[in-house]
Amino acid sequence: MIKNRGITFKLIFFIMTSCTLIFTLAFGYNYLFSRRIIIKGIEGNARDLTQLTVNKIESILRPIEKVPQSLAFLLEQSLCEKEDLLSVLRALVVNNPEIYGATIAFEPYAFEPDSLYFAPYFYRDNNTIKFMYLGDDNYQYFYWDWYQIPKEIARPVWSEPYYDEGGGNIIMSTYSVPFYKYEGDKKVFKGIVTADVSLSWLQDIVSSIKIGDTGYGFLISNNGRVVTHPHQDLIMHETIFSVAESRGDNRLRQIGKDMINGKTDFIPFKSLVTGNKCWLSYSQIPATAWSLGVLFPQDELMNNITRLNWVVLFLGIFGFLFLLAVIVLIAGTITHPLRGLYKATKDIGTGNLDFNLPVVASQDEVGKLTDSFRYMREALKRYIKDLQETTAAKERIESELKIAHDIQMNIVPKIFPPFPERKEIDLYALLEPAKEVGGDLYDFFFISEDRLCFVIGDVSGKGVPAALFMAVAKTMIKTIAHEFGSPEEILKRVNKEIYQGNDSCMFVTVFCGILDIKTGRLCYANAGHNPPLIIRKEGSVDFLNIAQNPAIGIIEEATFIGQELALLPGDAIYMYTDGATEAFSKQRELFSEERLKKEVSACKEISAQRIVENTLEKVKDFAKDAPQSDDITIMVLKYLK
Amino acid sequence: MHKTFIKIFLIIAILACFFYTILPTYASENKLKKAAFISQWVPQAQFAGYYLAYEKGIYKKYGLDVEIINGGPHISPCDSLKEKRADFINIGLNTAIEARAHGLNLVNIGQLVQRSAIMLVAKKSSGIEKIEDINNKKIGVWTGISQIQALSFIKKYNLDVEVVPQTYSVNLFLRDGVDVASAMWYNEYHTILNSGYDADELVTFFFSEYDLNFPEDGIYTLEETFQSRPSFCADFVRASIEGWIYAFTHPEEALDIVLKYTKEANIPANRMHQKWMLERMQDLMLINNSIEISGILQEDDYYRVADELKNAGMIDTIPSFDVFYKYCGAYYDKK
Numbered sequence: 001m002i003k004n005r006g007i008t009f010k011l012i013f014f015i016m017t018s019c020t021l022i023f024t025l026a027f028g029y030n031y032l033f034s035r036r037i038i039i040k041g042i043e044g045n046a047r048d049l050t051q052l053t054v055n056k057i058e059s060i061l062r063p064i065e066k067v068p069q070s071l072a073f074l075l076e077q078s079l080c081e082k083e084d085l086l087s088v089l090r091a092l093v094v095n096n097p098e099i100y101g102a103t104i105a106f107e108p109y110a111f112e113p114d115s116l117y118f119a120p121y122f123y124r125d126n127n128t129i130k131f132m133y134l135g136d137d138n139y140q141y142f143y144w145d146w147y148q149i150p151k152e153i154a155r156p157v158w159s160e161p162y163y164d165e166g167g168g169n170i171i172m173s174t175y176s177v178p179f180y181k182y183e184g185d186k187k188v189f190k191g192i193v194t195a196d197v198s199l200s201w202l203q204d205i206v207s208s209i210k211i212g213d214t215g216y217g218f219l220i221s222n223n224g225r226v227v228t229h230p231h232q233d234l235i236m237h238e239t240i241f242s243v244a245e246s247r248g249d250n251r252l253r254q255i256g257k258d259m260i261n262g263k264t265d266f267i268p269f270k271s272l273v274t275g276n277k278c279w280l281s282y283s284q285i286p287a288t289a290w291s292l293g294v295l296f297p298q299d300e301l302m303n304n305i306t307r308l309n310w311v312v313l314f315l316g317i318f319g320f321l322f323l324l325a326v327i328v329l330i331a332g333t334i335t336h337p338l339r340g341l342y343k344a345t346k347d348i349g350t351g352n353l354d355f356n357l358p359v360v361a362s363q364d365e366v367g368k369l370t371d372s373f374r375y376m377r378e379a380l381k382r383y384i385k386d387l388q389e390t391t392a393a394k395e396r397i398e399s400e401l402k403i404a405h406d407i408q409m410n411i412v413p414k415i416f417p418p419f420p421e422r423k424e425i426d427l428y429a430l431l432e433p434a435k436e437v438g439g440d441l442y443d444f445f446f447i448s449e450d451r452l453c454f455v456i457g458d459v460s461g462k463g464v465p466a467a468l469f470m471a472v473a474k475t476m477i478k479t480i481a482h483e484f485g486s487p488e489e490i491l492k493r494v495n496k497e498i499y500q501g502n503d504s505c506m507f508v509t510v511f512c513g514i515l516d517i518k519t520g521r522l523c524y525a526n527a528g529h530n531p532p533l534i535i536r537k538e539g540s541v542d543f544l545n546i547a548q549n550p551a552i553g554i555i556e557e558a559t560f561i562g563q564e565l566a567l568l569p570g571d572a573i574y575m576y577t578d579g580a581t582e583a584f585s586k587q588r589e590l591f592s593e594e595r596l597k598k599e600v601s602a603c604k605e606i607s608a609q610r611i612v613e614n615t616l617e618k619v620k621d622f623a624k625d626a627p628q629s630d631d632i633t634i635m636v637l638k639y640l641k
Numbered sequence: 642m643h644k645t646f647i648k649i650f651l652i653i654a655i656l657a658c659f660f661y662t663i664l665p666t667y668a669s670e671n672k673l674k675k676a677a678f679i680s681q682w683v684p685q686a687q688f689a690g691y692y693l694a695y696e697k698g699i700y701k702k703y704g705l706d707v708e709i710i711n712g713g714p715h716i717s718p719c720d721s722l723k724e725k726r727a728d729f730i731n732i733g734l735n736t737a738i739e740a741r742a743h744g745l746n747l748v749n750i751g752q753l754v755q756r757s758a759i760m761l762v763a764k765k766s767s768g769i770e771k772i773e774d775i776n777n778k779k780i781g782v783w784t785g786i787s788q789i790q791a792l793s794f795i796k797k798y799n800l801d802v803e804v805v806p807q808t809y810s811v812n813l814f815l816r817d818g819v820d821v822a823s824a825m826w827y828n829e830y831h832t833i834l835n836s837g838y839d840a841d842e843l844v845t846f847f848f849s850e851y852d853l854n855f856p857e858d859g860i861y862t863l864e865e866t867f868q869s870r871p872s873f874c875a876d877f878v879r880a881s882i883e884g885w886i887y888a889f890t891h892p893e894e895a896l897d898i899v900l901k902y903t904k905e906a907n908i909p910a911n912r913m914h915q916k917w918m919l920e921r922m923q924d925l926m927l928i929n930n931s932i933e934i935s936g937i938l939q940e941d942d943y944y945r946v947a948d949e950l951k952n953a954g955m956i957d958t959i960p961s962f963d964v965f966y967k968y969c970g971a972y973y974d975k976k
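For the record, the sequence lines run as chains W and V.
Reminder that position 132 of the first sequence reads as 132 in the numbering used here, one-by-one numbering, no gaps.
Reminder that position 181 of the second sequence reads as 822 in the numbering used here, one-by-one numbering, no gaps.
None of these hints come from the bench; they were simulated from the model.
Please note that a few of the clues may not be correct.
Label pairs and their calculated CB-CB ranges [stated by the list, open to error]:
#1 W/Asp137 with V/Ala840: 35 to 43 angstroms
#2 V/Lys796 with W/Tyr163: 34 to 42 angstroms
#3 V/Asp957 with W/Met132: 35 to 43 angstroms
#4 W/Arg124 with V/Glu920: 40 to 48 angstroms
#5 W/Asn127 with V/Thr784: 32 to 40 angstroms
The beta-carbon is built from N, C-alpha and C at its ideal position, and this holds for glycine as well.
Next up, chain W with everything else stripped away, as it sits in the complex (with noise of 0.2 angstroms):
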């Protein structure tokens, strides 16, 4: 289909599909190739960043460990009298202003054997320290999480967040430590020292990092639940799993469980607040086995590298438009020359030559192109005005040809029977012309009262000078044998004539022949003529005997032999011209003298009229449809008297 549209669409085509080809490629490769350093960068960036945020936390939460730490061990190793052991507790929460509240939580009965709690409790409220006993029916301590887990897991520990007793919606985590004293060998657990904190600095931490407009960080706890998240409603009151069973998304729940299970890493997600792509770095806090994750926003980050982006697609749109209008103005700048072309090759077929030409200012194929055309309008111009004048010459030269025909025509007598008062004889020619006129001739004309001269001959060459030789040959051969009573003289002295004026080396063959019409007899003279034939009463057909002489033309000073004959009555001679024995068949087969002596003996008992008439039609038979190569000419000279 493409090949039969024009050139500014085949143009615009395979141009605009190959460069948005190339476009593509290119732009899509620097896209990718781009946003991957880009991403890379961000990611190394968040982990950067997420590490950071967690060695920060660590860096508080690590010497507040200290502390009940400190303490637990003190207690292990010695401290055990009442009063030391509220001092000194009184003294870590007055001296440590991040903690909140201290216990030291003694087993049942172990620190005194009368009391199944013993856990006195230190605390701030309103910038003062107070201090009460923790433990009753409604409050057994050693049944609550701060106590069993590390006793448990025998190891110290950070608490789930909880808020405070105090409703003041402060969100604090309780880190306890386990103490042992040894009995004899045996390792035997005592108790827990613990130091409540205030996570508010945690969440402002953790809150403050904003990554952009809408980049947020957030952390969840051991068990998943959101500690801090920009979205207030969530914090304390949802896991990232109860988050992910609300949306019904396994891969958040997926998430979630690597972040609480201590992994690091960076993912693609989505956010929870925006729901726009975003990476989400996590990473966990190693003291509290907490995760932080930190969601850094696809679109602001890559901001950047998508507004280039766009700038180079607008630019590719941009340019491709350029292209095109390009493609357009060129293909037009060929197309447009060759409409006109095309228009003008079309007047000229219709031989309208004087069409316009596109205009071409440039000299490239296309103006070289019109360049042509217009040389060759004006070489076309030419020709015809040539080709008229030659026409109209050649027109001219045909119309004179056409008189020349016919004078040469008028040349030859035409009115049959010649000389109808003389019953002795019955004489009829016919001159058939090859082209328009023709150098073949005959004549007949009595010299005397008796004597009929007659002449058949052929002059060498075709056209009008071999007319004009002819016309002059006849009549200065009627004008000599009016002087000159043998045929012999006659050709003699036209042959001599005629070779004086001859600079164009011209000859005719002649046979000239005098017969007396009352005698019978038959003198002739033969000058290279195709022998005539002798048509007897009797039926017998020869070929006229005859002397070797020269054409008439060719030799000065040549002499003629003259020959006689005796004509009975009902003999006839039979003269014609090579144009009956030389003619072609489609064949390329002559005529031949034998084939026409043959066609002669048929012709028995008729008038000359019809001998000429019948073998001029066998010589037509015979050559057909093959074009005449020369003038025919044929007379018949029947005496019968």
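Fit chain V to the given chain W structure using the hints.
Below, chain V without anything else, positioned relative to chain W:
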């Protein structure tokens, strides 16, 4: 057009006037009876039916002006009943039998939960797949009356375990402080799931499937209250059941209301957890997928629980079933 609007407006106006004059008369004639109800724990979907009965005006429909008092770790519903701070309480059957055996004259007027939701949960990662695997493991068991099923289970299967008292959280289990935890199907189990453990990472043992089915939540009142005002009691039970049916048929609305209660009480809660709880309550209450709650306590259920309590030494004598359980259905029609 205008004529039609005017007609409609007039009809509405007349109807409004009519109800305005009628309603106060109706209300004063059917003066609402005051009733106080205490749930056995902090607000959660476990009590959705009561909240819905209140919020949707079902109690009022039955002529009750109910005050719902939230329970919690420091509130004993039995004490509240005894001290007449509450007319009705929602407690488990075992707690109620123990209270009755120890002299509190309460009666069961509606057994809502027919199936025990208590279960044991273990992590497959700790090597537990079947009951025998619990041997030589640490098992978290609730303190007080709730421990009976677990202890009976341990005894029944002759398990050699270290029992660790378990109270209000499953954190000990989550931190690997114990290998097996006690859990309510509708509560702690889901907490475990939403702390990052998938169901297929856990093994569960429902006591109800090990011939230890203790029907749980039921409505209780003092025997004297029932004797003096049986239809008052019957109305409360009937309205509460209607509240439950409403909650199950309108779960999203029910969750909205439950979350409103948790928020008012400043209890950390999330919708998915409450949704799970409501759905499990439905599973526990509506046996065989019917949308009916009979409220009937079966005698064999009663004696099964009572016998286990006696065997465990929690009670000395078993109160008679007839004394303990009062079928309210008989009074529904008397209203």
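These are the hints, each one checked on the structure:
1. W/Asp137 with V/Ala840: 35 to 43 angstroms: Given a distance of about 37 angstroms, which is inside 35 to 43 angstroms, the answer is holds.
2. V/Lys796 with W/Tyr163: 34 to 42 angstroms: Because 39 angstroms falls inside the window, the suggested range holds.
3. V/Asp957 with W/Met132: 35 to 43 angstroms: holds (38 angstroms)
4. W/Arg124 with V/Glu920: 40 to 48 angstroms: Check passed, 43 angstroms falls within 40 to 48 angstroms.
5. W/Asn127 with V/Thr784: 32 to 40 angstroms: holds (38 angstroms)
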